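Model the full structure from these sequences, guided by the hints.
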Amino acid sequence: MRAWLLRRVMQAVTAFAVAVVLLFFLMRAAPGDPLSRLSENRPLAPAEVATLKARYGLDQPVGAQFRSFLRGLVHGDLGVSIEYGRPVTRLLAERLPATLLLGGSVLLLNFTVGLWLGVRQAVRHGQREDRWLTTLSLAGYAMPSFWLGLVLAWLVAIEWRLLPPAGMEDPLLSSGAGLAARTGDVLRHLILPSLTLSAVSIAATMRYQRAAMLDVLRMPFITTARAKGLSDRAVTWHHAWRNALFPVITLFGLWLPILVTGSVFVEAVFAWPGLGSLAAAAVGGRDYPLLMGASVLVAALVVTGGLLTDLAYALLDPRVRLA
Amino acid sequence: MNPTVALHEIWGEPRGRIAALILLLLAIAAAVGPVFLADPLAQPDILAGSLPPGVGHPFGTDQLSRDVLARVVAGARISLSVALLAVILSATIGAAVGLLAGYWGGWVDALLMRLVDGALAIPRLFILLLTLAVWERIPLLALVFLIGATGWLGTSRLVRGEVLRLREETYVRAAEALGARRRHVIFRHLLPNAVGPLLVASTLGVGDVILLEAGLSFLGLGVQPPTPSWGGMILDSKEVLVSAPWTGIFPGLAILITVLSVNLLGEALRDALDPRTA
Amino acid sequence: MSRTIGYLSAAMLAGIAVPANAQSAGAENSIVIVTGQQPTTPIPTLMEGAAASLGNMELADQLFLRLAGLGPTMLTAGDRGFVPLLARSWTRRDSVTLVFDLDPRARWQDGVPVTSRDVLFSFQRAQNPAVAPRLAALLQHITGVTAEGDRRVVFRFSHPYSEQLYDATFHVAPLPAHLLDTLPPDAVARSSFVTQPVGSGPYRLVRIVPGQFVELAANEKFFLGPPKITRVIIRFATDPDARLNLVLSGQADAMDNVIPPLDNVRRVSADSSLRLIPVPSPALGFLLFNQRDPADTSRPHPILSDARVRRAITLALDRSSMVRVVFGNYGEVPYGPVSPVLWIRHGAPKPAQQNVAESRRLLAAAGWRDTDGDGTLDRGGQPLALRLSLPSTSAVRRQLALLVQEQLRQVGMRVELSQMEFPLWIERRTAGNFDIDFGSTSQDPSPSGLSQGWTCNGGTNVGHYCSPRVDSLMERAVLTRENPAEAWRQVLQQIEADAPATFLYAPTYVYAVKRRFRDVTISPASSWQRLWEWSVNR
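Protein chains in written order, with our numbering: chain A, 1 to 323; chain B, 1001 to 1278; chain C, 2001 to 2538.
Treat the hints as calculated values from the structure; they're not laboratory data.
Check the hints yourself; a few may be wrong.
Said to hold, decoys possible - Covered stretches of chain B, as calculated for chain C (at least 3 residues, CB under 8 angstroms):
# : region
1 : 1044-1055
2 : 1222-1232
Unchecked claim - Between beta-carbon pairs, the in silico distance windows are:
#  : chain 1 : residue 1 : chain 2 : residue 2 : range
3  : A       : 151       : B       : 1145      : 54 to 60 angstroms
4  : A       : 66        : C       : 2146      : 46 to 52 angstroms
5  : B       : 1137      : C       : 2278      : 49 to 55 angstroms
6  : B       : 1137      : C       : 2206      : 34 to 40 angstroms
7  : C       : 2146      : B       : 1135      : 54 to 60 angstroms
8  : C       : 2521      : A       : 17        : 55 to 61 angstroms
9  : C       : 2298      : A       : 47        : 23 to 29 angstroms
10 : B       : 1140      : C       : 2375      : 31 to 37 angstroms
11 : A       : 89        : C       : 2104      : 42 to 48 angstroms
12 : B       : 1135      : C       : 2481      : 52 to 58 angstroms
13 : C       : 2037      : B       : 1145      : 47 to 53 angstroms
Note that the structure is a prediction, hence the values are computed from the model and not measured.
Here a beta-carbon is modelled for each residue, glycine too, at the ideal position from N, C-alpha and C.
Following this line, the structure appears as structure tokens:
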């Protein structure tokens, strides 16, 4: 096992390294550069272009830029954002708490409520509840996230004045306010974006869990378990569910990067100061350092997600051999 | 499993029949409907603005006074064809890679899955933007290919997961012990049972691609306005969500009906393929 | 499992029940403004490149005072109509020399008086192309800034022209020399001055919460009178729907432009606690024609190099209806490349009305006929087909492009839309790879900015429009000190006659502000500049 784990980690690191290299060059191959955005309203004089290019390191050949990026990466320095003029690591760190809060709450809701509903549907397969939940979940999935967000914001925040429609904290809550009040404030701001983002992803989790449970429930060993007189609850949760976890574990690994990217639409509509909107703006502005920083983070999460998934497979089902 | 027998089984089941009929109806409406309806591009009275559903405009009009019903029917062509074709492509590649990686194991699995990791780490957006640097205008078929070719990664991991689990089942071991060829094991034993997550991914994928295509047209890929597409209509409705919700509700319903039908079809297909219920 | 769901739901409801005492923004002498642009470096002379953003400039205006400000007429020519700020008065010694007398009451926020040394230091940095290339280019006509004592600054210019006072006051707000002159220029950006600036303005910076908001506190000792609003929060939200939601739910007190979509005006009007305030905008939208062949810029454009075709396009469009559809009553069709913020707009002739018959006549005269009956005109086997490029980021232009396309279809022109991502659009535009480019600019209050786009060697003249007559008329208008308005009118008339573009829309911004704020003035050049004069009803 340990040999396998070591090999697997090495593979993950290799994949990560290759991804980083590809990302760097792909980014620069796309049309446009950081100066594109600046020249819409007024032209950049050649002197200004030269000064700015030197300042942002764009006047060097691509290979040299890559080398300096690597040198920085090794020292934990991701460069300075062109748009914000501040170190990328600091920008990412500033936005990380908000992102983790939103992403974390969504993942939590998903892998509790989503799992539970999916199992419930499978157990009540073919009945009215199953059919309704299917239609509801597919409707939730097919609906664009910004719709749900805007409708919720309009109803809950404007018509009913129950919750704030955007932002992460109330700026008028003075810094003298206690920790409890500030936490409550952030939680109140979290509810709507979290619900919006969860609604869409819970639908997906439900579908996968339901399908997996249905497969498992048809197996002979379930009939045996029931024949042995086990209660429905025991059969469902202790015997069936543990075998239906594989797709959901895979899903978790695939969605780990969502912790970081969130949903650009939801972050925009609710003005949630997360990494998703930061990265999206960086794409449009071709802010190479910021974009690389966010991409490196996402790449790390992707390979980590895959690694955790494989580990979970091996731990969960001893029969599975991954070597 | 004989494909013609499978189709027969799908048609036999009421759910399969309903789903197939709905999809067929949508296709016919897309092909023939525009003849009977208003011009989806015409802007007869721009100062009148967006009218709610009523006489003459069963689905209302949008901010440029274009008939929403005509646009939904005209949009079916693009949205349905792109979504269905791209999803079929993704599903095929995803299943193939997942089966291969899961069953062969060893270095094949490691190589394929690390490639998938690497590809997942690169946002689809970058790759698609890159194509714009090469082509000025991308033909629709190329777009379908690009979407399909970049959308199979998650599916392959899901299929591989199932195969890893199923590989150890007694009936698979038994078949191998009896000397069955690998191809036989894959298609006869593994695929029908691993098809669960594949079908869910495909159903959800249809909804995804419809919206993705609209997002891509904002980048210059995909269809350009004024060609209508369901996803495009939904994105355009964001501004007037509160004041003219019908501009977004009707294409949204169209997407929902399509996704539901694909779902029904998938379930019927799964029942047809499952040796236990066949 | 159901119990877990139960606990989760209870927790969520408890969150809702937390008292909303801080929710309404009307509790104190405070204002919450919501904008779309996040400030990063609101320090004069540091606003270069990406930092030359509206967010930075608007915040800098609260922290740092200029020598003099633009008056309500937004006139940039001449020496009159400006509002004294740091400079109490000014006189002219000769046609190339201006003298400013600083207000002796003016202080930095740390108590140190504002002196001529600060002005000299600031211009030294601003006119250094290695430090501030953008500013240096704008200030190129200032040949010398000298001090005569602590309170008198003398500006010398390279030649006589009408906007000397504007150049001396608008572009640079002085910085405190006593805090910064020991720091080399590149160290300023990294110093603590950026996060804790000491300015001369009505507000001081309390904190910047990244990605969310900026908090300002009133400068009690502001020499022109302490602001009545003591606490200012500027929140940012890039999505316009999010901004409107903040205002409609009472979480914000003011926002800049509510349009598009036009329906937002109705929604804000329906809220009795809000007032709509129209403000002239610096925005201008136009269809720019490429007069060279995109495939080979040494050759003229096969279709658009003919002025008759260009004029036909302008006449074929019902511009006033299009503006009404998108902007309602809050927009107009411009005459020439003039946005509402330019003072030369007053007294300009009315733009041409739609005239489809004349348009058709011009096209026919240029040789375009529908020989194959397919609805599109053609000439010599080539159809009258053009590509209209626009960035997908602009909802206004996306909507107008569809209107333009349909209206041109009526006269037999086939226009294909090409919407694309912003950087790609810029790249193609700069490379001249377009037929018609749907451009939009945000203009400075000075009409001399028109030279960028409409003179033969203008930096943003990507359509290759060249009229020596316009060049010389514009030069005359910039230099003349008697009746510059008439000179500029001639410039505009010539541009309209040459039709290098169809000038489509000049919108009026509509701000939404809570009614409890009184004495509200919004400055077109920098929205919240006069915030310190506002007052609040409790």
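Which numbered conditions among the earlier hints are violated in the structure presented, ordered from lowest to highest? 3, 5, 6, 10 and 13
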